[in-house]
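A.B. asks: Sequence:
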Amino acid sequence: MARYVQQQPNPALYQLDSARVLELEAQWQVLVPRTDWVGRMPNKAAFTVDKATGTVTGLPVK
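Last residue of the sequence shown: number 73 in this note's numbering, and the count goes up by one each step with no gaps.
Rather than coming from a laboratory, the hints here were simulated on the basis of the structure. For every residue, glycine included, the Cβ atom is placed at its ideal position computed from N, Cα and C.
Here are the simulated lysine to aspartate or glutamate pairs, EDC-like style, with alpha carbons at most 20 Å apart:
# : residue 1 : residue 2
1 : 62        : 34
2 : 73        : 47
3 : 62        : 36
4 : 55        : 34
5 : 55        : 28
Restraint ranges, calculated between C-beta atoms of paired labels, are given here:
#  : residue 1 : residue 2 : range
6  : 31        : 61        : 17 to 23 Å
7  : 23        : 63        : 26 to 32 Å
8  : 21        : 63        : 27 to 33 Å
9  : 14        : 50        : 24 to 30 Å
10 : 52        : 32        : 17 to 23 Å
11 : 24        : 63        : 27 to 33 Å
12 : 73        : 39        : 16 to 22 Å
With the hints as constraints, model all of the structure from the sequences given.
C.D. replies: Have a look at this one:
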């Protein structure tokens with residue numbers, strides 16, 4: 012996740028130390044708070060990480 016976030020246009024917006032990880036069958040879902048989304052819902056960016064390959068994919072949030 013850290014490498015993926017560092018490749019984003021503005022990595023300083025992501026608070027990786029406050030990330031929550033949910034274990035799903037073949038992947039993890041990672042919710043990362045964003046500093047520019049404080050006071051709004053949702054206030055976290057969502058990603059999936061494939062357990063087998065380590066591939067990170069961003070998820071749309073509503």
